Amino acid sequence: MSRQSLTKAHAKISELTWEPTFATPATRFGTDYTFEKAPKKDPLKQIMRSYFPMEEEKDNRVFGAMDGAVRGNMFRQVQQRWLEWQKLFLSIIPFPEISAARAMPMAIDAVPNPEIHNGLAVQMIDEVRHSTIQMNLKKLYMNQYIDPAGFDMTEKAFANNYAGTIGRQFGEGFITGDAITAANVYLTVVAETAFTNTLFVAMPDEAAANGDYLLPTVFHSVQSDESRHISNGYSILLMALADERNRPLLERDLRYAWWNNHCVVDAAIGTFIEYGTKDRRKDRESYAEMWRRWIYDDYYRSYLLPLEKYGLTIPHDLVEEAWNRITNKGYVHEVARFFATGWPVNYWRIDTMTDTDFEWFEEKYPGWYSKYGKWWENYNRLAYPGRNKPIAFEDVGYQYPHRCWTCMVPALIREDMVVEKVDDQWRTYCSETCYWTDAVAFRSEYEGRETPNMGRLTGFREWETLHHDKDLADIVKDLGYVRDDGKTLIGQPHLDLDPKKMWTLDDVRGNRFMSPNVLLNQMSDAEREAHVAEYRANGTKVA
Amino acid sequence: MADITDQKTRSFPKIEFTDSEAGALDFPSSKSRTYNYYKPAKLRATMYEDVTVDVQPDPDRHLTQGWIYGFGDGPGGYPKEWTKAQSSNWHSFLDPNEEWEQTIYRNNSAVVRQVSLCLENARRARAYESWNHAWVVFIQRNLGAWMHAENGIALHVFTSIQRSAPTNMINNAVAVAAAHKMRFAQDLALFNLDLSEAGIDFDGAAHRDVWQNAPEWQPTRRTVEELTAVGDWGELLFATNIVFEQLVGQLFRSELVMQIAARNGDYITPTLVGTGENDYARDLAASRSLFQLLVRDEEHGAANKELFGQWLSVWVPKCLAAAQALQPIWSQPAEKPVTFATSLDAAKDKFRTLLEDLELDIPKELDQ
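So the protein lines, in turn, are chains A and B.
Just add 16 to the spot in the first sequence (first one is 1) and you have this note's numbering.
Just add 25 to the spot in the second sequence (first one is 1) and you have this note's numbering.
The set of hints was computed from the structure by calculation and includes no laboratory data.
Predicted model only: the values in this text are computed from it and were never measured.
Some hints here could point you the wrong way.
[Unchecked claim] DSS-like cross-link-like pairs, simulated, lysine-lysine; straight-line CA separation at most 27 Å:
#1 B:Lys389 x B:Lys343
#2 A:Lys493 x A:Lys405
#3 A:Lys503 x B:Lys343
#4 A:Lys390 x A:Lys298
#5 A:Lys390 x A:Lys517
#6 A:Lys380 x B:Lys33
#7 A:Lys24 x A:Lys74
#8 B:Lys33 x A:Lys294
#9 A:Lys298 x A:Lys405
#10 B:Lys343 x B:Lys109
#11 A:Lys294 x A:Lys390
#12 A:Lys345 x A:Lys294
#13 A:Lys493 x B:Lys109
#14 A:Lys486 x A:Lys517
#15 A:Lys61 x A:Lys390
#16 A:Lys405 x A:Lys437
#17 A:Lys390 x A:Lys345
#18 A:Lys74 x A:Lys61
#19 B:Lys375 x A:Lys298
#20 A:Lys325 x A:Lys294
#21 B:Lys343 x B:Lys375
#22 B:Lys375 x A:Lys294
#23 A:Lys517 x B:Lys56
#24 A:Lys380 x B:Lys343
#25 A:Lys516 x B:Lys343
#26 B:Lys39 x A:Lys298
#27 A:Lys486 x A:Lys405
#28 A:Lys503 x B:Lys389
#29 A:Lys298 x A:Lys437
#30 A:Lys493 x B:Lys56
[Claimed, not checked] One side only, chain B facing chain A, incomplete, derived with CB under 7 Å:
#31 Ala49
#32 Gly101
#33 Asn303
#34 Val339
For each residue, glycine too, the CB sits at the ideal point set by N, CA and C.
My request is simple: use the sequences and hints to build the entire structure.
Now the structure itself:
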């Protein structure tokens, strides 16, 4: 179809809408934004007649590559260190994808622009594609990779795991609360426009370096749909900006969405890329370097900053603080260490680190060894059962962290932890911004204005609460993270598949697991203050 | 010859043979190569089940921490209260069409190819030039009006529903129905564009006024608009796919256009409209299966039957009124091989059969 005929065809298709006079579509999902003064902005033009064959062609390439990978014995050269982390990543990501599909009618409800409705409905179909194509990739991994355990229980594990819950924000955030906050600012303006770059481009690049060219095949195909979605988001954003009343809400939502995406996505993808790779070339980009390119330059400087010309205040401070956390505060390294500390309740195995890894980390993040090296040496030392407990229950100078009530990644940059009584409960937060998100942003009033449509933080937000004061073996069994012999754990702190070297329920029994939040709420004021001071001092007792 | 001695040394990762293929070692779970967190309907899981089941979590199944975000006025996630219909196990619904990514694109691309070829051939054969004026006007007005209904249902019925149902299986099936409707509505609009450019006396803009103002189409427009105003996703799906599509959609597409086009010298329109009928047949199979499950539910079947009876009492009169109002268009073509009464009887018969499949009482209005 030529460009001219595409324009003509799109104009014709826009004739399909009409102004209803008998009844208007139900507003199932409210918003506190207003679009009364909004000029109509055209999103990317897409016609189903060209859309379906285009996607079919993309699919054919993906499925051809998948066949080729199996025929070409790709799994002879896949790094287990890498593919183990895919058990976590691929358990999470199909839900955010399908949630993005579900979010589209929320945006349609909220935005009175039929031109955009069409684009949003196409995005819905894209997202069904993404979710199911990713589930299928995971199935292929389960069938072809040496260790299917963890892939085999993927959606159950996603739904009952502490890390799965962190990732679930990246889906639930799209579909709940104020329709524009969720389906536009959080999903499209921030998650899709900024963070899919690291998710779907940077990470697959690392997969290829670890012998897995199927992840790039599938995710680059997914990413090629994103430009449509970014265009949808930008159109709605410009419409919202046309009304001064939306400005405080947009600024609120940009702060929340940016920070939550940083907390969640950088935690996960940073860890996968830095600790899941065997590629330790000194000139390969670190996650921090990738972030600088994909997020800071491509998104912040090229997309967010130009919005200032519309008078919007951009959260410069939070962008800089995210960068500061990644480069100076060891955010990714802290998260990786936390994941590794929790290995018995993982459904993936985490490799030990070698001298080559240490050298690379020190090269990329000077000072890494002095802060994390000793702990990883202990991780290596305590990798096998028989002589010791899991590392979380050994004295290796690491205090199990408090969980952030908002982003649910623990408060790992300990000096930044905020402790406040909110809704009659002592809660911990990883940062001032996460505290603000819970205490200020996700409320029915914002800066003196009613915001009845804003979402609420709900659920059993501290995973540990569900398992408080239970034996570790019972927790693992309850979660179902046990292999088909009924005793060997799915998660292991090494990659050796010799059954004699794999931990069993008996090996972890006798360790009681306590919820930091339950304990915090049981403390007297004095005990709590002392505890928090000690925690903020990196787990060292305050004199 | 190019000098390669001064070129920069490239850096690239080293591939290592790791022997990480399935079957390389025996160890606990080394043969555990099926998704084990759900029970497939048959002995072996289908591709559809594997890529669909449990992707949308549910606190009634594996979700232990509950939904972590809520709406300002209620719980988040997918509350079962978003429809009055009840099920003792919403997860028992599986899409009989087993739609997932590959089927969506393969099927719809096949339709696109069929439609495109048909339209190309029509242009080459100057097929529209032989249409009589009455038929040109019929297509201009009525197919032009109908495409609005398809588009409205795509965007404000099916797209809307797929946020609300409690399982991924229901929501995906409905999302596919939305895709069908969008594609079909657009195909009709682009057909309209082709006809505008075919050198015949065809007014490509007339459809708007007909849809917005022509008396025969106003009850249909009213019903479509009233459908989009329904908040209960179960009622919306039932009223649209079980009632409106039977009494109005099929009446127009299958019992009128498909029956009379050839006799009026038009072999193009049935090819297009046939794709819409095929889509509906697939989408109806999914809806029939869902509502059958609900009426056969051991715990809630009786209550659901009563509820569906109430929904029928609301929507059957509206849809019959829309159908009746369309009667004049049966007289518009030059060739009138079927009467309105014949068409409506046929549509009612199909509807009765569907209601019998759903074990629902036949509304008395159908006999009037």
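To see whether the hints hold, each was checked on the structure:
{"no.": "1", "hint": "B:Lys389 x B:Lys343", "in the structure": "14 Å, holds"}
{"no.": "2", "hint": "A:Lys493 x A:Lys405", "in the structure": "17 Å, holds"}
{"no.": "3", "hint": "A:Lys503 x B:Lys343", "in the structure": "62 Å, violated"}
{"no.": "4", "hint": "A:Lys390 x A:Lys298", "in the structure": "22 Å, holds"}
{"no.": "5", "hint": "A:Lys390 x A:Lys517", "in the structure": "23 Å, holds"}
{"no.": "6", "hint": "A:Lys380 x B:Lys33", "in the structure": "22 Å, holds"}
{"no.": "7", "hint": "A:Lys24 x A:Lys74", "in the structure": "26 Å, holds"}
{"no.": "8", "hint": "B:Lys33 x A:Lys294", "in the structure": "24 Å, holds"}
{"no.": "9", "hint": "A:Lys298 x A:Lys405", "in the structure": "35 Å, violated"}
{"no.": "10", "hint": "B:Lys343 x B:Lys109", "in the structure": "21 Å, holds"}
{"no.": "11", "hint": "A:Lys294 x A:Lys390", "in the structure": "20 Å, holds"}
{"no.": "12", "hint": "A:Lys345 x A:Lys294", "in the structure": "24 Å, holds"}
{"no.": "13", "hint": "A:Lys493 x B:Lys109", "in the structure": "37 Å, violated"}
{"no.": "14", "hint": "A:Lys486 x A:Lys517", "in the structure": "25 Å, holds"}
{"no.": "15", "hint": "A:Lys61 x A:Lys390", "in the structure": "55 Å, violated"}
{"no.": "16", "hint": "A:Lys405 x A:Lys437", "in the structure": "35 Å, violated"}
{"no.": "17", "hint": "A:Lys390 x A:Lys345", "in the structure": "17 Å, holds"}
{"no.": "18", "hint": "A:Lys74 x A:Lys61", "in the structure": "19 Å, holds"}
{"no.": "19", "hint": "B:Lys375 x A:Lys298", "in the structure": "70 Å, violated"}
{"no.": "20", "hint": "A:Lys325 x A:Lys294", "in the structure": "44 Å, violated"}
{"no.": "21", "hint": "B:Lys343 x B:Lys375", "in the structure": "18 Å, holds"}
{"no.": "22", "hint": "B:Lys375 x A:Lys294", "in the structure": "63 Å, violated"}
{"no.": "23", "hint": "A:Lys517 x B:Lys56", "in the structure": "19 Å, holds"}
{"no.": "24", "hint": "A:Lys380 x B:Lys343", "in the structure": "69 Å, violated"}
{"no.": "25", "hint": "A:Lys516 x B:Lys343", "in the structure": "71 Å, violated"}
{"no.": "26", "hint": "B:Lys39 x A:Lys298", "in the structure": "13 Å, holds"}
{"no.": "27", "hint": "A:Lys486 x A:Lys405", "in the structure": "16 Å, holds"}
{"no.": "28", "hint": "A:Lys503 x B:Lys389", "in the structure": "63 Å, violated"}
{"no.": "29", "hint": "A:Lys298 x A:Lys437", "in the structure": "46 Å, violated"}
{"no.": "30", "hint": "A:Lys493 x B:Lys56", "in the structure": "20 Å, holds"}
{"no.": "31", "hint": "Ala49", "in the structure": "5 Å, holds"}
{"no.": "32", "hint": "Gly101", "in the structure": "4 Å, holds"}
{"no.": "33", "hint": "Asn303", "in the structure": "15 Å, violated"}
{"no.": "34", "hint": "Val339", "in the structure": "13 Å, violated"}
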